[in-house]
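Number of protein chains: 2
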Amino acid sequence: MSFDDLFSDRIATRIQTIESRLVVGIDPRLDRLPPDISPDDPEQALTRLGIGVIEAVSSVAAAVKPQIAFFERWGWRGWRALEAVCRSASEQGVPVILDAKRGDIGSTAEAYAEALLGDEPGTPGPFVDALTVNPYLGSDSLEPFIARVRDGGRGIFVLARTSNPGGGEFQKRENDPLPIFEQVARAAQGWGKGSQGSCGFHGVGLVVGATYPQEIVRVREAAPGSFLLIPGIGAQGGAIESLAPAFDEQGLGALVNSSRGIVQAFEKDPQRRWQEMVQEAAQQSREKLQGVLSP
Amino acid sequence: MSFDDLFSDRIATRIQTIESRLVVGIDPRLDRLPPDISPDDPEQALTRLGIGVIEAVSSVAAAVKPQIAFFERWGWRGWRALEAVCRSASEQGVPVILDAKRGDIGSTAEAYAEALLGDEPGTPGPFVDALTVNPYLGSDSLEPFIARVRDGGRGIFVLARTSNPGGGEFQKRENDPLPIFEQVARAAQGWGKGSQGSCGFHGVGLVVGATYPQEIVRVREAAPGSFLLIPGIGAQGGAIESLAPAFDEQGLGALVNSSRGIVQAFEKDPQRRWQEMVQEAAQQSREKLQGVLSP
Numbered sequence: 001m002s003f004d005d006l007f008s009d010r011i012a013t014r015i016q017t018i019e020s021r022l023v024v025g026i027d028p029r030l031d032r033l034p035p036d037i038s039p040d041d042p043e044q045a046l047t048r049l050g051i052g053v054i055e056a057v058s059s060v061a062a063a064v065k066p067q068i069a070f071f072e073r074w075g076w077r078g079w080r081a082l083e084a085v086c087r088s089a090s091e092q093g094v095p096v097i098l099d100a101k102r103g104d105i106g107s108t109a110e111a112y113a114e115a116l117l118g119d120e121p122g123t124p125g126p127f128v129d130a131l132t133v134n135p136y137l138g139s140d141s142l143e144p145f146i147a148r149v150r151d152g153g154r155g156i157f158v159l160a161r162t163s164n165p166g167g168g169e170f171q172k173r174e175n176d177p178l179p180i181f182e183q184v185a186r187a188a189q190g191w192g193k194g195s196q197g198s199c200g201f202h203g204v205g206l207v208v209g210a211t212y213p214q215e216i217v218r219v220r221e222a223a224p225g226s227f228l229l230i231p232g233i234g235a236q237g238g239a240i241e242s243l244a245p246a247f248d249e250q251g252l253g254a255l256v257n258s259s260r261g262i263v264q265a266f267e268k269d270p271q272r273r274w275q276e277m278v279q280e281a282a283q284q285s286r287e288k289l290q291g292v293l294s295p
Numbered sequence: 001m002s003f004d005d006l007f008s009d010r011i012a013t014r015i016q017t018i019e020s021r022l023v024v025g026i027d028p029r030l031d032r033l034p035p036d037i038s039p040d041d042p043e044q045a046l047t048r049l050g051i052g053v054i055e056a057v058s059s060v061a062a063a064v065k066p067q068i069a070f071f072e073r074w075g076w077r078g079w080r081a082l083e084a085v086c087r088s089a090s091e092q093g094v095p096v097i098l099d100a101k102r103g104d105i106g107s108t109a110e111a112y113a114e115a116l117l118g119d120e121p122g123t124p125g126p127f128v129d130a131l132t133v134n135p136y137l138g139s140d141s142l143e144p145f146i147a148r149v150r151d152g153g154r155g156i157f158v159l160a161r162t163s164n165p166g167g168g169e170f171q172k173r174e175n176d177p178l179p180i181f182e183q184v185a186r187a188a189q190g191w192g193k194g195s196q197g198s199c200g201f202h203g204v205g206l207v208v209g210a211t212y213p214q215e216i217v218r219v220r221e222a223a224p225g226s227f228l229l230i231p232g233i234g235a236q237g238g239a240i241e242s243l244a245p246a247f248d249e250q251g252l253g254a255l256v257n258s259s260r261g262i263v264q265a266f267e268k269d270p271q272r273r274w275q276e277m278v279q280e281a282a283q284q285s286r287e288k289l290q291g292v293l294s295p
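Chains as they are written, first to last, in my numbering: chain A, 1 to 295; chain B, 1 to 295.
It cannot be assumed that every hint is accurate.
The list treats identical chains as interchangeable, and a pair is accepted whether it falls inside one copy or across any two copies.
What the hints assert, rightly or not - Distance condition first, Cα-Cα at most 20 angstroms in a straight line; then the derived SDA-like pairs of lysine to any residue:
(1) Lys172 / Asp140
(2) Lys268 / Gln236
(3) Lys193 / Ser139
(4) Lys193 / Glu169
(5) Lys268 / Pro213
(6) Lys172 / Gln183
(7) Lys172 / Arg218
(8) Lys288 / Arg273
(9) Lys193 / Gly166
(10) Lys172 / Arg186
(11) Lys172 / Ser139
(12) Lys193 / Glu221
(13) Lys193 / Asp4
(14) Lys288 / Glu114
(15) Lys268 / Pro35
(16) Lys268 / Arg87
(17) Lys268 / Leu33
(18) Lys288 / Ile240
Hints are computed from structural coordinates only; laboratory data are not their basis. Keep in mind that this is a model prediction, so the values were computed, not measured.
One chain only, chain A, in its complex shape (with noise of 0.2 angstroms):
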């Protein structure tokens, strides 16, 4: 497989090297482009969008995140952009978090494995750094996707706490002992097995919403060695300064994703080179972020 390190040492470097724990979410929608962008054709338009913003934050992101539904909405043509996107990301040395939250079992999952964090040409797998995956269907479903983690210098986030209002109807039921989303978090340990990295982190990541701050602070102590992937800032109404106990000393252990506040930042003002605009957003949330770390 393609990467010679593993994902968690790979990720922290970028995120000492660049300062920064931001991680710039790419939710395209064509009814939303820059003025310079044609919705007409809709592969051209998520490539030039997806490309544009991974160069305006490439210096600024520790990682972007393309989200697989938007593309997938347009059929095999936003799958070919997909695959275009990732693929710059990875030769202008972003890491790529491709968020698909995958789930199946046995050989289905390892076609969701061998697509997604593989080789094969013609595939995103080739460019992902690391995927977002669904861990209801139990540890055996999730095993093509660790077996990348351990021997392929991948990573994976599995869905702990969802940021959305019916999030915790399933991941944390009233007067459960032990809520779906701790007993996600305690198995990731196991999970995270042969793939720890020099870091202190291993490879097997989670997914907390930034909306429920109390629950990051029990997945944090559930899953010491897991790196958080926190999305549901900005638009979605959670408080960046809540954040800090998802981080350790070193300001590590934590990577927090922000999309439309980023992406759609040009919408401010029409006249300006819309990637400027990005970027200064980007910019604005990394200091953010920034601040919350211990001194």
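We have chain A already, so just place chain B on it with the hints.
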């Protein structure tokens, strides 16, 4: 949207017309192709195999179930093959249950619904009757799919109890007074409101593995209005005989999937026409299933 009738009524009519409760899963692998299909061009191979299977089973299978991972495995070319396969099923009048197990929140879930249950040319959406989805993110995450069930004549099958060995890890925890799979089944009664057909069932089905027959009974009781999609017979070890409680007196209420057992049937005799053997295998499974129904 593209379907005038409700999914549940459409599938019930199909079941009764061709007297079949069988779903044929299409999980195409390039290392297990019939001798007259070359693996050299993956897109062509997937397309030819998929369409060939549908031709073979078109009068025997209540529906076909392409597994999207085996197409994604080949990137955008695989997605183009998937679209061609779904289109062909639709042209041949065979309902398509697309097995994608998607699950995400807000506008992302909406984008998945548009891609896979929508009307956008260039996506599989227009040719898909029903989609499998993952409930881990809660009711709000399913809403864009449910909207298409209520207003678009589509169906969904929500994962409840999966057929794999680790399926119970989160879905059915020890000492859990209300296991998640049963909570999901109960919730389906609410999700199905507004899509109740004259057949007595609504459009929000549930996935329950054949490997856990006693849990099929519990799901059947908790969700009397849901069609059950039952994988796990054949290669995975579930016994057809134990599936009787899934059906009502009219023999409605469940669809039973077989994938490898049917599609790979041609491997038994490389001298014979492969589609003939696939058809025979489908016929046999269909008859076994008919034998399970109350007389």
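Against the structure, the hints:
When the C-alpha separation of Lys172 and Asp140 is checked against a cutoff of 20 angstroms, the pair qualifies only between copies, where the shortest distance is 15 angstroms, while the shortest distance within a copy is 22 angstroms. Taking the shortest alpha-carbon separations for Lys268 and Gln236, only the intra-copy value of 19 angstroms comes in at or below 20 angstroms, while the best inter-copy value is 55 angstroms. In this homomeric assembly, Lys193 and Ser139 come within 20 angstroms of each other (Cα to Cα) only inside a single copy, at 13 angstroms, whereas the closest approach across copies is 33 angstroms. Proximity of Lys193 and Glu169 under a CA criterion of 20 angstroms is satisfied inter-copy only: 19 angstroms between copies versus 30 angstroms inside one chain copy.
For the identical chains of this complex, Lys268 and Pro213 are neighbours neither inside a copy (29 angstroms) nor across copies (57 angstroms), given an alpha-carbon limit of 20 angstroms. In this assembly of identical chains, Lys172 and Gln183 lie within 20 angstroms of each other by CA distance both inside one copy and across copies; the values are 10 angstroms within and 13 angstroms between. For the identical chains of this complex, Lys172 and Arg218 are intra-copy neighbours only, at 12 angstroms inside a copy versus 23 angstroms across copies, given an alpha-carbon limit of 20 angstroms. With identical chains, the CA atoms of Lys288 and Arg273 are never at most 20 angstroms apart, being 23 angstroms at best within one copy and 66 angstroms at best between copies.
Proximity of Lys193 and Gly166 under a CA criterion of 20 angstroms is satisfied inter-copy only: 19 angstroms between copies versus 31 angstroms inside one chain copy. For a Cα distance limit of 20 angstroms, the shortest separation of Lys172 from Arg186 qualifies both inside one copy, at 14 angstroms, and across copies, at 17 angstroms. For a Cα distance limit of 20 angstroms, the shortest separation of Lys172 from Ser139 qualifies both inside one copy, at 19 angstroms, and across copies, at 13 angstroms. In this assembly of identical chains, Lys193 and Glu221 lie within 20 angstroms of each other by CA distance solely inside one copy; the values are 17 angstroms within and 41 angstroms between copies.
In this homomeric assembly, Lys193 and Asp4 come within 20 angstroms of each other (Cα to Cα) only inside a single copy, at 18 angstroms, whereas the closest approach across copies is 52 angstroms. Neither within a single protomer nor between protomers do Lys288 and Glu114 lie at most 20 angstroms apart by alpha-carbon distance, with minima of 37 angstroms and 35 angstroms respectively. Taking CA atoms no more than 20 angstroms apart as the test, Lys268 paired with Pro35 passes inside one copy only; the shortest distance there is 12 angstroms, against 59 angstroms between copies. For the identical chains of this complex, Lys268 and Arg87 are neighbours neither inside a copy (29 angstroms) nor across copies (42 angstroms), given an alpha-carbon limit of 20 angstroms.
In the homo-oligomer, the alpha carbons of Lys268 and Leu33 lie at most 20 angstroms apart inside one protomer (12 angstroms), although the nearest pairing across protomers, at 54 angstroms, exceeds that limit. For the identical chains of this complex, Lys288 and Ile240 are intra-copy neighbours only, at 7 angstroms inside a copy versus 59 angstroms across copies, given an alpha-carbon limit of 20 angstroms.
Hint violations for this structure: numbers 5, 8, 14 and 16, all remaining hints satisfied.
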